[in-house]
Each structure stands twice: as structure tokens, then as C-alpha cells.
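Visitor: Taken in order, these protein sequences are the chains called A and B.
Note that UniProt numbering numbers the first sequence so that position 303 is 303, with each residue one more than the last.
Note that UniProt numbering numbers the second sequence so that position 211 is 211, with each residue one more than the last.
I should point out that these hints are in silico values taken from the structure, not numbers from a laboratory.
It should be emphasised that the depicted structure is a prediction, and the values quoted were computed from it without experimental measurement.
We put the beta carbon where it would ideally sit given N, CA and C, even for glycine.
Hints are supplied without guarantee of correctness; some may be wrong.
[Said to hold, decoys possible] For each label pair, taking beta carbons as the anchor points, the in silico distance ranges come out as:
#, chain 1, residue 1, chain 2, residue 2, range
1, B, D248, A, P510, 37 to 45 Å
2, B, D248, A, Q709, 55 to 63 Å
3, B, N360, A, Q308, 43 to 51 Å
[Stated by the list, open to error] Which residues of chain A face chain B? A few of them, derived with a C-beta cut under 10 Å, are:
#, residue
4, D67
5, E175
6, K247
7, Y249
8, G255
9, A711
2 protein chains.
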Amino acid sequence: MRFLFIVPLLCSLSLAAEHVTQYVNPFIGTSNFGATHPGAQYPHGMASVAPFNVAFRAGQENKFEKDQAWNSRVYIHENKFLTGFSHVNLSGVGCPDLGSILLMPTTGALEFDAKKYGSTYHNEQASPGYYRTTLDKYQVDVELSSTLRTGISRYTFPKGQSHILLNLGLGLTNETGGMLKVVSNSEVEGFKMLGTFCYHSEDVRPVYFVAKLSKAAKTAGAWKKMPKYQGVEAEWIGYDDNYKPYKDYRQEVAGDDIGAYFQFDTNEQETITVKLGISYVSIKNARQNLNAEQPGFAFEQTKDKAQQQWQKLLSRVQVKGQPTKKTIFYSALYHSLIHPNIIQDINGDYPLMGQPGIGNTQGKKRYSVYSLWDTNRNLHPLLSLLYPEIQSEMVNSMVAMAKESGWLPKWELLGMETQVMVGDPATVVIADSYLRGIQDFDVIAAYDYAKKAALTLDNNPLRPENKQYTQLGYVPVDDEGKWDGSVSTSLEYYIADWNLAQLAKALDRPQDHQRFLQRAKNYQKLFDSKTGMLRPKYANGQWFSPYDPQLGRNFEPAPGYIEGNAWNYRFYVPHDIPGLINSLGGDQNFIKQLTQTFTTDNFDMANEPDITYPFLFNYVKGEEWRSQQKINQLISTHYHNSPEGIPGNDDAGTLSAWLVFSMMGLYPVSPGDMNYALVTPSFDEISIQLNQAYYAGRTLTLKTQQPPQQAPYIDKMHLNKRELSDYFINHQQLVSGGELIFTLTSKVKK
Amino acid sequence: MRFLFIVPLLCSLSLAAEHVTQYVNPFIGTSNFGATHPGAQYPHGMASVAPFNVAFRAGQENKFEKDQAWNSRVYIHENKFLTGFSHVNLSGVGCPDLGSILLMPTTGALEFDAKKYGSTYHNEQASPGYYRTTLDKYQVDVELSSTLRTGISRYTFPKGQSHILLNLGLGLTNETGGMLKVVSNSEVEGFKMLGTFCYHSEDVRPVYFVAKLSKAAKTAGAWKKMPKYQGVEAEWIGYDDNYKPYKDYRQEVAGDDIGAYFQFDTNEQETITVKLGISYVSIKNARQNLNAEQPGFAFEQTKDKAQQQWQKLLSRVQVKGQPTKKTIFYSALYHSLIHPNIIQDINGDYPLMGQPGIGNTQGKKRYSVYSLWDTNRNLHPLLSLLYPEIQSEMVNSMVAMAKESGWLPKWELLGMETQVMVGDPATVVIADSYLRGIQDFDVIAAYDYAKKAALTLDNNPLRPENKQYTQLGYVPVDDEGKWDGSVSTSLEYYIADWNLAQLAKALDRPQDHQRFLQRAKNYQKLFDSKTGMLRPKYANGQWFSPYDPQLGRNFEPAPGYIEGNAWNYRFYVPHDIPGLINSLGGDQNFIKQLTQTFTTDNFDMANEPDITYPFLFNYVKGEEWRSQQKINQLISTHYHNSPEGIPGNDDAGTLSAWLVFSMMGLYPVSPGDMNYALVTPSFDEISIQLNQAYYAGRTLTLKTQQPPQQAPYIDKMHLNKRELSDYFINHQQLVSGGELIFTLTSKVKK
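Construct all of the structure, not just a fragment, from the sequences and the given hints.
Guide: Right, here's the structure in full:
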């Protein structure tokens with residue numbers, strides 16, 4: 001009898017703690033420009049270990065070589081020539097940087113030229129916090145795992161002469177230069193310079209590291225690529241345009257292209273483990289991080305711990321449904337939990353924002369890698385809903401950055417403001433988070449910095465051309481640069497102003513509220529009733545002509561627009577869709593134009609400006625089925641359990657966050673607007689464990705009464721048994737917990 | 001009456017302490033490949049500050065550009081385009097290295113490219129410990145001085161925008177790479193990699209530095225030369241093959257070509273002083289050195305102290321005679337007191353020899369830059385005679401090197417054995433020093449290391465091919481490399497063996513004495529009675545044929561010989577000239593052949609193998625006048641008070657030491673042989689203050705009874721009133737002090 005009791009108990013436990021990490025496929029997004037990597041990754045880790053297969057052999061083993069085209073990827077699934085495993089990596093970012101500090105095991109003759117020591121590979125496997133492969137050329141098994149600030153690599157060598165190489169010359173970043181010091185036959189320390197983000201940034205930042213090996217090498221040394229000498233010097237010089245070894249050398253080596261090597265006589269199947277800790281503050285801190293997070297060489301424990309941490313976060317949402325859907329869902333949630341990543345050392349040290357020097361978090365966390373033009377739209381709202389304690393830390397970091405640099409971040413990378421993309425997205429994130437209930441930050445300071453950005457007319461790094469924007473109500477097209485579209489910029493400023501207005505209201509500042517609300521309505525000044533587009537306009541009030549709303553579709557420069565064309569931006573006033581509908585002549589024309597966006601191939605699922613559009617049908621009564629249908633269609637068309645399973649650059653998790661929301665059947669219509677648009681969930685049941693430190697509810701459960709694959713349309717919805725009157729639900733309602741029941745139907749309900 | 005007493009007293013004091021530094025012309029040797037520099041130099045200083053004018057503008061302002069030919073010079077008098085002031089420099093060395101850490105003041109627009117910011121200059125002045133010039137392009141006055149381990153630069157700027165640049169990318173060394181960190185608006189620290197000595201060495205060594213400015217800059221930052229990008233990347237990258245600024249950046253920068261800058265608004269005639277300390281151990285030590293030796297920015301005091309230190313050393317020899325002769329004499333003595341230089345930090349730290357790690361001298365000195373193939377011949381014997389306490393420190397350093405690395409040095413550079421040139425010269429220096437009376441070192445250890453070099457047959461880094469040498473009695477020509485002449489090498493080994501034999505005798509080891517004496521006589525196996533040459537021989541005993549004794553005259557590879565031809569080496573058995581005379585068939589043929597060496601232009605005053613030859617006439621009774629004549633002739637032909645005043649590479653002071661000895665009328669016939677050959681002194685009186693810690697005498701005075709320019713030949717000589725019976729004098733006699741009187745005659749005395 002007792003036995004019978006135990007079985008269901010175990011089952012129930014097992015259900016509650018289903019190992020959802022099994023559903024994560026880290027290869028999703030590694031093709032089709034997704035720019036994710038399949039390497040060992042800890043949630044929000046500042047270190048990660050990724051296979052690096054984008055260098056050399058262009059058009060041969062490597063279809064996409066990093067220097068042949070714009071490339072922001074350390075790993076591309078189609079590529080086959082691997083030249084190491086990088087320890088600092090960006091995920092889903094559209095500009096090249098990081099992808100540096102490469103370890104590589106080799107065998108046979110010692111070779112320093114990655115062109116020559118690179119190898120094809122097979123038998124890849126990846127799961128959260130773990131990656132493995134076998135190098136064809138060397139028959140070395142490589143296994144990787146990581147913690148927040150360290151990577152660990154376990155190499156299983158064949159019998160013979162074996163090497164472990166550390167290459168600081170090769171990497172994704174276009175910034176050159178590094179320094180290293182072989183401390184002993186089992187340790188190396190140094191730094192690699194990162195930066196030159198998007199090719200043009202002048203800001204740079206060293207990443208410091210310490211690597212320790214589980215076995216002392218027979219010999220160890222360094223190398224450096226010597227330059228190309230000319231004329232007679234080329235005859236005399238020992239290493240001309242070639243790699244020079246520094247055997248048994250134990251002082252610093254610095255240069256553009258340097259490395260360290262460790263040589264071993266290995267036995268058959270001998271494993272050697274390397275652990276590598278990083279810091280953005282100092283070598284000393286990198287060593288402290290390594291000693292704290294990786295005291296031994298416990299590969300399995302590191303792997304288990306990473307997996308547990310992922311399980312802990314991912315299982316905050318439990319879903320029931322088709323395994324493949326679970327895979328794309330949890331993989332997307334996984335990709336939503338990589339950036340922003342922590343940057344403070346174990347002792348709290350971190351590089352100050354926008355100024356020299358080191359700060360200390362005093363026990364708190366400091367985040368970095370804010371791709372805010374992307375992530376303000378849905379990633380931060382998703383974190384706010386599912387992980388408000390993390391979103392709080394991120395907002396706190398943003399406010400700290402403003403206190404250090406004088407300005408909120410826009411595209412912050414390792415404490416550097418890279419000024420990539422347009423708008424004032426930090427204001428949006430701060431207002432949205434506060435309104436959602438994340439209020440444990442210095443909101444007065446945050447508000448003041450946001451207001452500073454909104455009101456500083458000249459020399460405003462966050463809002464270029466804010467003077468004209470303020471005076472004219474829009475950014476004029478007159479002196480527009482190649483990549484700062486006047487319409488796009490204006491639209492982002494309207495959203496920021498609208499969010500600022502909402503925050504002003506919440507903070508009981510009615511004058512500010514009115515003022516910024518008014519500014520946010522100025523989008524109407526760019527509305528061209530003739531074309532129905534938000535159209536570039538000169539300072540003198542004349543429309544930009546000749547005007548082609550299609551221009552910009554393929555990322556080519558288009559006056560007025562950045563990363564998109566007029567169609568991609570035409571509904572981009574998410575804070576005032578009813579107003580836009582009115583401008584467009586009412587519901588029917590709006591639905592017509594919105595539908596046309598999709599039918600004329602003017603919708604781009606791979607970029608941010610228009611990703612809210614499929615939900616906009618919800619704004620017109622009786623047309624909500626179109627959103628349900630469109631979302632279903634977009635998910636099945638663009639998201640797959642395969643390397644090409646993300647439509648384009650994941651954009652630091654933004655396209656993944658879109659999927660997570662969409663599959664849960666809800667989507668934040670606009671940051672700062674607490675309504676989610678509702679569509680058909682992809683699962684039979686979705687259970688969200690709410691954080692009661694922030695939210696009243698304990699659990700929110702979304703259930704479909706019918707299998708969604710058979711009944712894709714919503715018939716009706718009940719929240720805690722009360723039927724919903726429309727296809728929106730308020731954030732406060734949701735986080736109060738309870739059950740949202742979707743009654744589905746196979747037929748369109750008009 | 002009292003007044004009359006005072007005058008002669010002052011005169012006498014004034015005579016005793018004549019400011020002999022006024023006779024030093026640091027420009028001597030800066031043309032004609034002398035390879036000395038006119039910069040600010042402290043005696044045996046490890047830092048110095050030299051104008052650097054060998055980069056760019058080849059064939060235009062710069063007649064000899066550093067990359068257009070083999071170049072070992074930081075400064076060439078004919079050149080006119082200056083690109084900075086280097087803080088580590090070699091003097092009179094034939095291979096390029098050091099010449100790095102360049103400071104440069106500029107004005108106007110900030111420019112990082114030395115090709116562009118370089119300037120012509122005028123109004124150069126130089127004296128021991130001081131150099132000045134005015135930069136034409138900027139109208140900036142530059143004044144330089146230095147201590148043992150620091151340099152100090154005083155710049156006087158015009159009114160306007162002014163800059164101080166620190167360039168680690170430019171320099172004489174062919175080793176690339178460095179690191180720097182702008183610590184504040186008035187301080188920068190870092191290191192520059194040195195090495196690749198003679199183009200081919202694989203050994204490298206960082207030199208660390210800290211520089212502090214007397215005034216905080218308005219702005220300060222770093223720069224780096226970005227590489228040449230290819231294809232589409234070249235379009236996107238911000239700095240393609242160009243200098244990228246890192247404004248207000250305060251972390252480390254590393255790379256092949258980097259620098260730091262400090263910007264000022266200067267007033268008319270505003271002076272800014274920069275002090276820069278170096279260390280071969282660490283940045284921390286460089287800072288300690290700087291703080292200890294240069295606590296303020298006291299330019300004048302630094303200059304005075306350097307001059308006083310030079311005065312202290314140079315005045316150990318006081319001469320009376322023509323001012324021009326005094327100038328070439330004291331300039332030569334000055335050039336004899338630069339290398340070897342100290343390398344230990346103020347706290348005693350220094351880089352260990354031939355192994356990683358740091359040693360500490362425990363209050364003693366550690367020397368470096370031993371060009372022993374050159375300096376064993378005369379520089380060390382000169383130091384032994386004039387500065388035995390310094391020679392003792394140098395020998396102690398050599399023994400310490402052997403204890404650290406297992407081998408005595410050959411061509412030691414900054415703790416690296418560069419293996420340049422041939423032979424086993426350290427054995428020679430040690431035996432010679434000991435025999436001269438410098439015995440306060442671990443002679444047993446030194447002897448053991450010398451013996452180890454003599455007897456280790458295989459894998460002998462000091463004596464390659466020692467096995468064949470030992471077995472055959474000579475190094476066979478069979479498998480000779482391009483630059484390791486079998487005859488030259490054998491001859492060096494014979495001298496080393498002979499010196500080792502002398503030391504064995506002194507240490508009462510009769511068996512060793514006999515053994516090494518025998519080996520030293522094996523030169524006869526290379527004596528070819530047919531040609532009268534020391535000729536390359538195969539292992540099977542056959543002479544190398546066809547044989548051209550002229551080959552090698554212009555430094556082209558010549559089988560058997562290095563840096564010379566058969567003629568240059570034909571008398572190169574200084575330890576057994578009587579034996580060689582015998583082999584050559586007696587006195588008359590010897591004199592004939594020796595004379596022919598000079599008449600057929602087969603004597604090279606600019607290189608070491610044959611520089612003893614003009615003294616060899618002394619070995620034949622009645623022919624000594626030829627040495628007197630020849631030395632007079634060589635001095636007046638090759639040594640001048642002008643930039644071309646040294647016949648060729650000074651070779652770390654060797655050609656200068658030749659001049660010092662020759663002008664004093666004595667020359668050590670062979671290291672290990674305590675006899676000096678006597679020739680006509682160049683002065684009326686030479687007074688040497690002997691170091692009584694080593695020598696019995698207090699003063700040695702050499703006087704010519706007649707003015708040597710009018711009576712160039714020796715009639716007779718009296719040492720302490722006893723007439724000498726031949727034209728040699730023993731070291732022990734000399735250092736017992738007293739007077740050596742030369743009675744001169746205008747006629748040849750046969």
C-alpha cells in the first residue's frame with residue numbers, strides 16, 4: 001500500500017520539476033543569420049565557450065567567412081572549419097564583436113597558424129551549459145561547460161604529442177591587440193582588446209583572463225605573428241610575416257596577433273581540462289573569479305550546475321503540448337536569458353560606464369550588453385512578467401549607468417555606449433518596468449535622466465537632433481545621415497515621450513504627463529494622408545520627394561528610415577493605434593492596409609520595427625481572428641527546431657522573446673501600455689510561476705480547452721471564470737494569477 | 001702675501017680636478033657606422049635618451065633609413081628627419097635592437113603617424129649627460145638628461161596647442177609589440193618588447209616603463225595603428241591601416257603599433273618636463289626606479305649629477321696635451337664606459353639569465369650587454385687597469401649568469417644569450433681579469449664553468465663543434481654554416497684554451513694547465529706553410545680548396561672566416577706570436593708579411609680580428625718603430641673629433657678602448673698575457689689614478705720628455721728610473737705605480 005502512494009507522488013514531483021532543459025536546442029538560430037551560438041552558456045553569463053568556425057576557408061569548408069561579409073557570428077551551422085573555442089561571445093547580435101580568447105586542442109607537429117591548425121569536426125551535441133564535438137584532424141573530443149564568469153574545456157586526446165593553444169590574434173572582434181603571460185607550465189594570464197563594435201566604434205575595452213590547466217605541460221611558451229618585412233630586411237629577419245615561437249618564455253608578450261601554447265605527451269584517451277576565468281576589470285579579478293567559481297577541474301559538476309540554473313529559470317514556465325513546440329518555446333526562452341549579462345566580478349568590481357575607472361556593486365548585480373532598440377519592445381516586458389527580480393537588476397544597472405555617465409544607455413556594450421541604432425529606448429524600458437510593478441529602483445533619478453534626454457536640445461548623445469524634433473515636432477529629413485532615418489528616429493522619440501508621459505503620470509507629475517503626451521502625438525505631423533505612410537518631411541514642412549515607400553526593404557539606405565522601409569514603419573505608433581486607425585480613415589482601411597502589408601511582402605519577421613503588426617488586428621472588433629491566424633502562420637513559417645529556426649538576427653533575444661510571448665498567446669502591444677494582445681496559445685497548458693515579491697498572484701495558468709493545432713481560433717476566453725469582453729488583457733490582471741481559459745474553435749470567429 | 005699663497009693652491013686644485021667632461025664630444029661615432037649616439041647618457045646607465053632620426057624619408061632627409069639596410073643606429077649624423085627620443089639604446093653595437101620608447105613633442109593638429117609628425121632640427125648640442133636641439137617644424141626646444149635608470153626631457157613650447165607623444169610602435173628593435181596604460185593626465189606606464197637581435201634571435205624581453213609629466217594634460221589618451229583590412233571590411237571599418245585614437249581611455253592598450261598622447265594649451269616659452277623610468281623586471285619597479293632617481297622634475301640637477309659622475313670616472317686619467325687629442329681621448333674613454341651597463345633595479349631586482357624569473361643582487365650590481373667577442377680583447381683589460389672595481393662587478397655578473405643559466409655568456413643582451421659571433425670569450429675575460437689582480441669573485445665556480453665550456457663535447461651552446469675541435473684539434477670546414485667560420489672559431493677556441501691554461505696555472509692546477517696549453521698550440525694544425533695563412537681544413541686533413549685569402553674582405557661569406565678574410569686572421573694567435581713567427585719562417589718573413597698586410601689594404605681598422613696587428617712589430621727587435629709609426633698613422637687616419645671619428649662600429653666601446661690604450665702608448669698584446677706592447681704616447685703626460693683596493697700603486701704617470709707630435713719615435717723608456725730592456729711592460733709593474741718616462745726622438749730608432 002505504501003508503495004502505491006509513492007508512485008503518484010514521484011510522478012507529481014516529476015511533473016512539477018520536469019527537466020525542461022531537455023527541450024532546449026542551442027543549435028536553433030545558428031543558421032539563417034540568427035547569430036546565436038551553440039556553445040556552453042550559463043544564464044546571463046559574462047563568459048561562455050562557443051565553437052568558432054567563421055575564420056578562413058571562405059567558399060570551401062566555410063560558406064560564410066567572417067571577413068568576406070558583414071558577420072556578427074562566432075558559429076555558423078553551415079560552416080565546417082573550426083579554429084577554436086571562444087570565451088566571450090555575443091548571442092544574436094547584428095554587429096561583430098567579442099568572439100575572442102580562443103582555446104584549441106591540437107596534436108602532432110606544433111602549429112601556430114590557425115589557418116593551418118583548424119579542423120573540421122563531427123558529432124556535435126549541445127544542451128544548456130554543455131557542448132561537445134570531435135575534431136576530425138586530431139581525433140580529439142572537446143567538451144565545454146561554463147559558469148557565470150568562467151569556461152571549462154575538457155579535451156580527450158589520443159596517444160602522442162598533444163597541444164593546447166590559446167589564440168588572442170584570432171576572433172570576431174575587429175579590435176586588435178592583446179597581452180599574455182605564461183605564468184607556469186599550467187597557467188596563462190592576459191587580456192584581449194575588444195571593441196570597434198559594428199566596425200566603426202572607437203571605444204575599446206580589454207577583457208582580462210586567467211587560464212589554468214589540469215596538467216602541467218612538458219613545455220609551454222608564447223608566439224607572435226611577426227609583420228611583413230620589406231626589401232633586404234625580409235632576407236635577414238627570422239620570421240617574416242610568420243609566427244615566431246617564444247619557447248619557455250615567461251614574461252609578457254604583447255602584439256596584434258599573439259598566443260600561448262602548452263605541449264604534452266598524452267596517453268590514449270587522456271583527458272586534460274582547462275578552466276578559464278574572465279573579468280572586465282583586471283587579471284587579478286579574473287583569477288579571483290576563476291578560483292571562486294571553478295576551484296577544481298570539476299567538469300561534470302560545472303555542467304550540472306549550469307543545467308540546474310537553466311532548469312531553475314526555464315521551469316518558471318511549464319507547458320504541456322507537442323514536444324517540437326516545447327523545443328522551440330524553451331529554446332526561445334533560453335535565448336531570452338543570455339543578454340543583458342552580468343559583468344561584475346565575484347568581488348563586485350565592474351568597469352564604470354562612459355568614464356575611466358572601476359565601480360563596485362556592493363553585493364548587487366551589474367548587467368551589460370543592452371541592445372535596447374531591439375529589446376525594449378518585448379524582451380524586457382517578458383523579463384518583467386516572468387523574472388521581475390532580474391528585470392529589476394537590469395533597470396537598476398541602467399540607472400547606475402546614467403549616474404556614472406550622465407546618460408541612460410542606448411546600445412551599451414561592456415560599459416561603452418556604442419550609439420548604435422536610433423531612439424531613446426532606455427526611457428521606454430524604465431517606464432514600462434515601473435508600470436508593470438518593478439519599482440525597487442531609484443525611479444526619481446531614472447525619471448530625471450529620461451527627462452534630461454527628452455529636453456536637452458543640443459549635444460544630446462541619446463537623442464541627436466532633439467532640438468529640431470522639439471521645435472518642429474519631428475526630425476526633419478534635411479540633414480539626415482546615411483543611417484539615422486529621420487522618420488524612424490522621430491517614431492522612436494514619440495514612443496519614448498509617450499512612455500515618459502506614462503511614468504510622469506505614475507509619479508504624479510501631471511504637467512509633465514500632458515507635455516510629453518502632446519509630443520507623442522506629433523507623429524501625426526509625419527502622417528501623409530496621400531500615401532498613408534509616415535513620410536520623411538523637410539524642416540520647411542514639405543514632404544520628401546520623390547518618395548518610394550518600398551525603398552529600404554533590403555537594408556539599403558532609405559531616406560527617412562533605418563533598417564526598414566516605409567511599410568515596415570507605417571504602423572509604428574504602438575502607443576496610439578486607435579489614433580493611427582483614425583488617421584488612416586477608420587477600421588476598414590486600416591485592416592486593408594495592414595493586410596496588404598503582409599500580402600505584398602512588406603512585412604519583415606526578421607527585424608524589429610514591424611514585429612507588433614500581426615497583433616494589430618486585435619484593435620478592430622471582429623478582425624481578431626486575423627491576428628490569431630497570422631501569428632500561427634508566422635510561427636510555423638519562421639520558427640523551427642533547426643539551425644535556421646530563428647527568422648534572422650535574434651537581436652539579443654528579441655525575436656526569441658517574440659516567440660515566447662506569441663506561443664503563450666499574449667503580446668505586449670506597446671511598452672508602457674499594460675495591455676497584452678491575446679492570440680491562440682500554442683500549448684494545451686501554460687503555467688507561469690509568478691514572483692510574489694513583485695506580483696500578487698502565485699501562479700498564472702493559461703489553458704486551451706481544445707488542442708490548438710486542431711482548433712486554432714479563439715471562441716471565447718475566461719479569466720478566473722469571467723469571460724473577457726475583448727482580445728486584450730491587462731498586465732495587472734495577469735499577474736494577479738489564476739486561470740485564463742481559452743475556448744478554441746476550428747472555425748474563424750468573425 | 002696670503003693672497004699669493006692662495007693662487008697656486010687653486011691652480012693646483014684646478015689641475016687635479018680639471019673638468020675633463022668638456023673634452024667629450026658625444027657626436028664622435030655618429031657617422032661612418034660608429035653606431036654611437038649623442039643622447040643623454042649616464043655612465044653604465046640602463047636608460048639613456050637619444051635623438052632618433054633613422055626612420056622614414058629614405059633618400060630624402062634621411063640618407064640611411066633603418067629599414068633600407070642593416071642598421072644598428074638610433075641616430076646618424078647625416079640624417080635630418082627626427083621622429084622622437086628613445087629611452088633604451090645600445091651604443092656602438094653592430095646589430096639592431098632597443099632604440100625604443102620614443103617621446104616626441106609636437107604642436108598644432110594632433111598627429112599619431114611618425115612619418116607625418118617627424119621634423120628636421122637644428123642647434124644640436126651634446127655633452128656627457130646632456131643633449132639639446134630645436135625642432136624646426138614645431139619650434140620646440142628639446143633638452144635631455146638621464147640617470148642610471150631614468151631619462152628626463154625638458155620641452156620648451158611656443159604658445160598654442162602642444163602635445164607630448166609616446167610611441168611604442170616605432171623603434172630600432174625589430175621585435176614588435178607593446179602595452180601601455182594612460183594612468184592619468186600626467187602619467188603613462190607600460191612595456192615595449194625588445195629582442196630579435198640581429199634580426200634572427202628568437203629571444204625577447206619586455207622593457208617596462210613609467211613616465212610622468214610635470215603638468216597635467218588637458219586631455220590624454222592612447223592610439224593604435226589598425227591593420228589593413230580587405231574587401232568589404234575595408235569599407236566598413238573606421239580606421240583602415242590607420243591610427244585610431246582612444247580619447248580619455250584609461251585601460252590597457254596592447255598591439256604592434258601603439259602610443260599615448262598628452263595635449264596642452266601652452267603659453268609662449270612654456271616648459272613641460274617628462275621623466276621616464278625603466279625596468280627590465282616590472283612596471284612597479286620602473287615606478288620605484290623613477291621615484292628614487294627622479295623624485296621631482298629637477299632637470300638641471302639631473303644634468304649636473306650625470307656630468308659629475310662622468311667627471312668622477314673620466315678624470316681617473318688626466319692627460320696633458322693638445323686639446324683635440326684630449327677630445328678624441330676622453331670621448332673614447334666615455335664610449336668605453338657605456339656597456340656593459342647595469343640592469344638591476346634600485347631594489348636589486350633583475351631578470352635571470354637564460355631562464356624565466358627574477359633575481360636580486362642583494363645590494364650588488366648586475367651588468368648586461370656583453371659583446372664579448374669584441375670587448376674581451378681590450379675593453380675589459382682597459383676597465384681592469386683603470387676601473388678594476390667596475391671590472392670586478394662585471395666579472396661577478398658573468399659568473400652569476402653562469403650560475404643561473406649553466407653557461408658563461410657570449411653575447412649577452414638583457415639576460416638573453418643571443419649567440420652572436422663565435423668563440424668562448426667569457427673564459428678569456430675571466431682569466432685575464434683574475435691574472436690582472438681582480439680576484440674578488442667566485443673564481444672556482446668561474447673556472448668550472450669555463451672548463452665546462454672547454455670540455456663539453458656535445459650540445460655545447462658556447463662552443464659549437466667542440467667535439468671535432470677537441471678530437472681534431474680544429475673545427476673542420478666540412479659542415480660550416482654561413483656565419484660560423486671554422487678557422488675563426490678555432491682561433492677563438494685556442495685563445496680561450498690558452499687563457500684557461502693560464503688560469504689553471506694561477507689556481508695551481510698543473511694538469512689542466514698543460515692540457516689546455518697543448519690545445520692552444522693546435523693552431524699550428526691550421527697553419528698552411530704554402531700560403532702562410534691559417535687556412536680552413538677538412539676533417540680528413542685536406543686543405544680547403546680552391547682558396548682565396550682575399551675572400552671575406554667586404555663582410556661577404558668566406559669559408560673559414562667570419563667578419564674578415566684570411567689576412568685579417570693570419571696573425572690572430574696573440575697568445576703565441578713567437579710560435580707563429582717561427583712557423584712563418586722567422587722574424588724577417590714575419591715582418592714582411594705583417595707589413596704587407598697593411599700595404600695591400602688587408603688590414604681593417606674597423607673590425608676586431610686584426611686590431612692587435614699594428615703592435616706586433618714589437619715582437620721583433622729593431623722593428624718596434626714600425627708599431628710606433630703605424631699606431632700614430634692609424635690614430636690620425638681613423639680617429640677624429642667629428643661624427644666620423646670612429647673607424648666603424650664602436651662595438652660596445654672596443655674601437656674606443658683601442659684608442660684609449662693606443663694614445664696612452666700601451667696595448668695589451670693578448671688577454672691573459674700580462675704584457676702591454678709599448679708605443680709612443682699621444683700626450684705629454686698621462687696620469688692614472690690607480691685603485692688601491694686592487695693595486696699597490698697610487699698613481700701611474702706616463703711622461704714624454706719631448707712633444708710626441710714632434711718626436712714620434714721612442715728612443716728609450718725608464719720605469720721609475722730603470723731603463724726598460726724591451727718594448728713591453730708587465731701589468732704588475734704598471735699597477736705598482738710610479739713614472740714611466742718616454743724619451744722620444746724624431747728619427748726612427750732601428
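Visitor: Please verify that hint: A/K247, Cβ, nearest Cβ of chain B, below 10 Å or not.
Guide: At about 7 Å, which falls below the 10 Å cut-off, the nearest Cβ of chain B leaves the hint on A/K247 intact, so it holds.
Visitor: Hold the hint about A/G255 up to the distance rule: shortest CB distance to chain B must be less than 10 Å.
Guide: Hint on A/G255: holds, closest Cβ of chain B at ~3 Å, below 10 Å.
Visitor: Have a go at the A/Y249 hint: is there a Cβ in chain B nearer than 10 Å to its own Cβ?
Guide: Holds, about 7 Å.
Visitor: With chain B as the partner, please determine if A/E175 meets the hint condition of a C-beta pair closer than 10 Å.
Guide: Holds, about 8 Å.
Visitor: Range hint 43 to 51 Å: satisfied by the CB atoms of B/N360 and A/Q308?
Guide: 50 Å, holds
Visitor: A/D67 was flagged as interface toward chain B. Is the shortest Cβ-Cβ separation under 10 Å?
Guide: 5 Å, holds
Visitor: With 37 to 45 Å as the target window, see if B/D248 and A/P510 comply at their CB atoms.
Guide: 41 Å, holds
Visitor: Identify whether the interface hint at A/A711 stands, where standing means a beta carbon of chain B within less than 10 Å of its own.
Guide: Because about 50 Å separates A/A711 from the closest Cβ in chain B, which is outside the 10 Å limit, the hint is violated.
Visitor: Could you check the hint for me, namely that B/D248 and A/Q709 are 55 to 63 Å apart, CB to CB?
Guide: With Cβ atoms ~58 Å apart, the hint holds.
Going through the hint list in order, the structure does not satisfy hint 9, though it satisfies all others.
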